[in-house]
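With the hints as extra help, turn the sequences into a complete structure.
Chains A and B, in that order, are what the protein sequence lines are. Residue numbering for the first sequence follows my numbering, beginning at 1 and increasing consecutively. Residue numbering for the second sequence follows my numbering, beginning at 294 and increasing consecutively.
One or more hints might be untrue.
Stated by the list, open to error - Straight-line distance between alpha carbons at most 27 Å, and here's what the computed DSS-like set of lysine-lysine pairs gives: (1) A:Lys97 <-> A:Lys139; (2) A:Lys5 <-> B:Lys519; (3) B:Lys372 <-> B:Lys519; (4) B:Lys482 <-> A:Lys199; (5) A:Lys97 <-> B:Lys297; (6) A:Lys67 <-> A:Lys256; (7) A:Lys139 <-> B:Lys344; (8) A:Lys256 <-> B:Lys344; (9) A:Lys152 <-> A:Lys67; (10) A:Lys152 <-> A:Lys139.
If you are wondering where the hints come from, they were derived from the structure by calculation, not from laboratory data.
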Amino acid sequence: MKRYKRVSLVTYLYILPILVLIGIIFIYPLSQVLISSFYNIRLGAQEGIFVGLDNYRLIFSEPVFWKSVRSSLIWTFGNLILQLIIPLGVAILLNQKLRGMHFARTLILLPWIIPMVALAVSMRWMLLPGIGIFNEILKNIIGTQISFLGSKSAAMPTLIILNTWKWLPFGTLLILTALQTIPREVYEAARVDGANFWKQFIYITFPLLGKVIWFMGYLILVWNFNTFDTIWLTTEGGPGHIMQTLTILVYRRAFKVFRLGEGAAIATIGAALLMVMGILYFKFLSPKREDES
Amino acid sequence: MGTKGINNFFTYIGVIILLAIVLFPVFCILISSFKPLLELIFFGTGFFPQKFTLANYVSLISVQTPIRNFPLFLLNSLKVSLGTVLLSVPIASLGGYGMARYQYPGRDVLARSMLFIYVFPTVLLLIPIYKMFQNSGLLDTHIGLIIIYTALSAPFCTWLLTSFFRTIPLELEEAATVDGASRMTVFLKITFPLAAPGIVTVAVYSFVIAWGEYMFASILLLSNSKRTVTLGLATLTAEQYIEWGPLLAGSMLIIVPVIVLFFPVARQFIRGFMEGALKQ
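What follows is the structure, encoded as structure tokens:
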């Protein structure tokens, strides 16, 4: 099936619309956000005053900014770990050839497709102590309650789990795809040689999945660094700034405190930090050559 | 036979536990939305509603103020979501077809970047897009929001459709070309209908993306009458006294259309996703 039609100038018209759209909405604003970060702009005002690096100086001197960096890192890596491990287990489970498995694979897409807003605002009730259904269940089982979103120690793990639940289908589908490329005969041969489930996993499955897991890890890292809905719609960055990641801080600074210039500066710093993490990820965690095929 | 049977048994138990965890939160929202107020705010009333009521839905729809007008918000969301589908599907179809059929220089990088574009920090876009829209008069318009949602969904749709178009044999198109059909006729009369399942899938996907989006709507829409339903729902939590009943009912009203539209095409979606992912 590796056959293509001849490329001529006219054939570029097919991809022109999508490229123009990406150019206008994704690429062009990049330059603009950098420019804005050097200005003092208030929301609603047309033009700002050039202030050079003042926005950056101000931000680096704020303790709230450094707390945000910390929150962002905890949030990102917490999600990264859970969102790599759990989909792996789920995918192996759903890869078994049994009746009804297709139906199960379809059903687990649910978290991915339901709007986060609906989930987040309902969670605010479900997780509330003294009222919510989750705490009612907890009280019946272990006799105590947890202020899931209200306490500084519980909010981060709670939201990481909620977010992992939300993105479970994506990772599961990716790993499932990779699992299906491993021929069944390989496992059967291993079984004949007496390899149990764990040996099969460690010596066959895991090495062959290396590349997919690496690719997924990168997507998850970046996506979670940018999470907005899950956090804003549940705690708005609280309690006590504990959930105020850089993304939340940008939104709050630009559209709640109305300082667009400062928001743009924080966004730029966040993007730079993300880029550094991306480069480190590629440099140190790229799969070794043997894994590529 | 014996050990295999036991293994299958444990697999089924595992799948059932998994599905329970995956479906549980939505199930909780559903049954709780039928509970009367007293059962929602007091403990010890049990998991299932003791007194089944539609009062939450009635109050959500019938209590109307400028900042809380759910019928209007639902209509706005419908308008924006359908607009997104109408814009996103043609763009993604053309793009996906192009990338499946023509070996442009740098095509593989281009095809891959359709997925990698989602790595882009959208929060970085908020401020420049707000300013861009302010200057071009798109701020506080549904058209503006439709353009943004198209940009958010079209790259993924293009990626999915590329894998769908690849499965359609080139020979079919060539036969038609020999018969004298123009390039556009071939695309519209032969390829497009054959790719119909894929097209429907991406249409549903763009609808779902637009229907559930909150962040851009919250900064790009200013007037109450233009709000989408996600904004309307989030506003309910900002009030001094939160009405949990209508809030849960509102959540269900947002979730149900997505489920009804998506699950009929879910298998196509999985197929397209997996075929696309294999090419990465």
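Structure-based check of all given hints:
1. With a C-alpha separation of about 39 Å, the suggested pairing of A:Lys97 with A:Lys139 is violated against the 27 Å cut-off.
2. The suggested pairing of A:Lys5 with B:Lys519 is violated, with an alpha-carbon distance near 46 Å, which exceeds 27 Å.
3. Between B:Lys372 and B:Lys519 the alpha-carbon distance is near 11 Å, which keeps this suggested pair within the 27 Å criterion.
4. For the given pair, B:Lys482 sits about 53 Å from A:Lys199 by alpha-carbon distance, which is inconsistent with the 27 Å threshold.
5. At most 27 Å may separate the alpha-carbon atoms for a hinted pair to count; A:Lys97 and B:Lys297 meet this at roughly 12 Å.
6. The suggested pairing of A:Lys67 with A:Lys256 holds, with an alpha-carbon distance near 19 Å, which does not exceed 27 Å.
7. The straight-line distance between the Cα atoms of A:Lys139 and B:Lys344 is roughly 22 Å, inside the 27 Å bound, and the hint therefore holds.
8. As the CA atoms of A:Lys256 and B:Lys344 are separated by approximately 41 Å, the hinted pair breaks the 27 Å bound.
9. Of the supplied pair hints, the one linking A:Lys152 and A:Lys67 holds, its CA atoms being roughly 13 Å apart against a limit of 27 Å.
10. Simply put, A:Lys152 and A:Lys139 have alpha-carbon atoms about 20 Å apart, close enough for the 27 Å limit, and the pair holds.
The structure shown violates the earlier hints numbered 1, 2, 4 and 8.
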